[in-house]
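J.: Letter by letter, the chains look like this.
Protein chains: 2
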Amino acid sequence: MLVYGGGSIKKTGLYEEVAAAMQAGNISFTELAGVQPNPRIDSVREGVRRCREEDIGLILAVGGGSVIDCAKAIAAGFFYEGDPWDFFTYSARVTKALPVGAVLTLAATGSEMNVNTVISNDQTQEKIGIGSKHLIPRFAILDPVYTFSVPAEQTAAGAADIMSHVFEQYFSANDGAYLLDRLGEAVLKTCIHFAPIAIKEPENYEARANLMWAGTIALNGLLSTGKETDWATHGIEHELSARYDMTHGLGLAILTPRWMEYVLSDKTAGKMAEYAHNVWLVHDSDNFEAARRGIQLTREFFHQIGLKGSLKELGVTVESLPVMAEKAAAYPIGRFKQLNADDVLKILQSAY
Amino acid sequence: MLVYGGGSIKKTGLYEEVAAAMQAGNISFTELAGVQPNPRIDSVREGVRRCREEDIGLILAVGGGSVIDCAKAIAAGFFYEGDPWDFFTYSARVTKALPVGAVLTLAATGSEMNVNTVISNDQTQEKIGIGSKHLIPRFAILDPVYTFSVPAEQTAAGAADIMSHVFEQYFSANDGAYLLDRLGEAVLKTCIHFAPIAIKEPENYEARANLMWAGTIALNGLLSTGKETDWATHGIEHELSARYDMTHGLGLAILTPRWMEYVLSDKTAGKMAEYAHNVWLVHDSDNFEAARRGIQLTREFFHQIGLKGSLKELGVTVESLPVMAEKAAAYPIGRFKQLNADDVLKILQSAY
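Going down the list, the protein sequences come from chains A and B.
Following this note's numbering from start to finish, the first sequence increments by one per residue and tops out at 352.
Following this note's numbering from start to finish, the second sequence increments by one per residue and tops out at 1352.
Among the hints, a few may not be true.
Claimed, not checked - In silico EDC-like cross-links for lysine to aspartate or glutamate, where the CA-CA straight-line distance does not exceed 16 Å:
#, chain 1, residue 1, chain 2, residue 2
1, B, 1267, B, 1206
2, B, 1227, A, 206
3, B, 1337, B, 1175
4, A, 312, A, 228
5, A, 267, A, 286
6, A, 227, B, 1206
Hints are computed from structural coordinates only; laboratory data are not their basis.
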């Protein structure tokens, strides 16, 4: 089953390329089109039903993280008798899945080489991620040329997503993961260097290739080996996406500098100064000053690549903030600094 | 079959730990002990014979790169009717191998997570490496505690080996591998930061853990994706090891700064200045000056961690230099700068 999104792969010619390769290999296939950004559980349910009816042996996701995540959830649902949403409410576990392959068209989520799938439910207004080793794609084709047609805003949002993945793992209460943190800084520097280039010159192969590889390395498990990771910002952003169908990377770009400001403390200043020093070459011997400068540069960078605006400008209602805060922190989130619903509300308010 | 080296694992208690785990799992095993540094084809031949006689199903290498490399060659030889040295003369190809597992006791070669095996032949005075996907260990256990007992000189030589693996991939004629080069710099910084600590405090977990992980990342395929790589220094060093049974990392530490000096040119100065700038924080706007400073700091670092001496002091005869140069460059080696036998001789002479 060939799974794809809104049809951009038909415009770019990738659809025909994939179809021709399948025909050349004598592989018969069916299609599930129209998978949305923030992929919905309804698409998953439809995919599972169709896979069963049509006796599917492999799911080939051609698209970005949303398409791959949808394919993964279908692959897991195929072997589960109940409703696939059960996986996302943690009332069922993935124990088996159809093989999934991926042809990537957007540098962002890292789904092409990891265990994760994140699915949204319009009925419950939830966006929830799960992970299972059964969901790692068996293969992924990363050709930077397939990302040449990604528009500027999506390119920027993808870069912000990649950077956020690093932040969630880099800002950790663990000391001692020196190598991993230097590797994470390598990914951050790559995004900072190449996102503006890819936006200005969409067909710059070098920029697209580096961003594509950065997206994979950022969340394929390498950067978190042996670390406590944070993931509070992603948790908060999922509430925005679930309720307002916001572009994930844009939500992250708005929230991240606010999260950084909020969690800056005596305890965290050293690590945040390390980030400012190593990634932004900030030379300030005072940790607080260096950290503040790093946060400011992070915010300016997101603005520079076009990711701006407040939650208010993006249509978020002020009434929804406490509701989202309560849902995001139904139990405390974040390890770098643990946040409760009141903390999350303050972060959302600062981003309003 | 449990394969190990000179018995240090008996002193440290690791042997008993492994044996107890096997017994607890009801796994019967036999042993091949005494694998030497620069493992010999004779050990491989013996291992193959014994594996066949004793109907072995898995080879567990407990040791450093030499032990793992020997286990890999045995695993390949098991399914090959001819002499396993045929693999290393490229007159036979590995098409199948017994599964290999590894318990690593030395941070250096990266053999625990890669396709490579390097074997020496005393009769022909050769040391040759091959690679096959069939030789990637099925699992590897990396517990930094198992490296606490590594002596200072082996720790230093291991760090030099890791750094050399990065250099061989970093110094490349390819432009555009920005992310990979930043990742390589992360590994280099890790070695530079932690090797002196591990030498001074052998039981420093953080130092041992970072060095161990660095060794794996340096040569598991990640840093060379899509790059032309050099490998001239390794080629030259293999001649020294084959003829003089030199510690691989020590040979590399002596040769590397000389190789760097020799290949410094208008064409390479920019890349070498990039290394000096990013790894050693050299701030010199002239590429040649920056490169020279980076080379000097590299040499001083190897001296600082105890890797010093000239080829002469290490017992190399001046008569053997042209012979080794001819063998190392029987065909031109190196991609960053291509070297012929005359070039190699000059590098060897500068290290004499």
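J.: Taking the hints in turn, state whether each one holds.
T.: Results of checking the hints against the structure:
no.: 1; hint: 1267(B) with 1206(B); result: violated (39 Å)
no.: 2; hint: 1227(B) with 206(A); result: holds (13 Å)
no.: 3; hint: 1337(B) with 1175(B); result: holds (14 Å)
no.: 4; hint: 312(A) with 228(A); result: violated (33 Å)
no.: 5; hint: 267(A) with 286(A); result: holds (14 Å)
no.: 6; hint: 227(A) with 1206(B); result: holds (13 Å)
Hints 1 and 4 from the earlier list are contradicted by this structure; the remaining hints agree with it.
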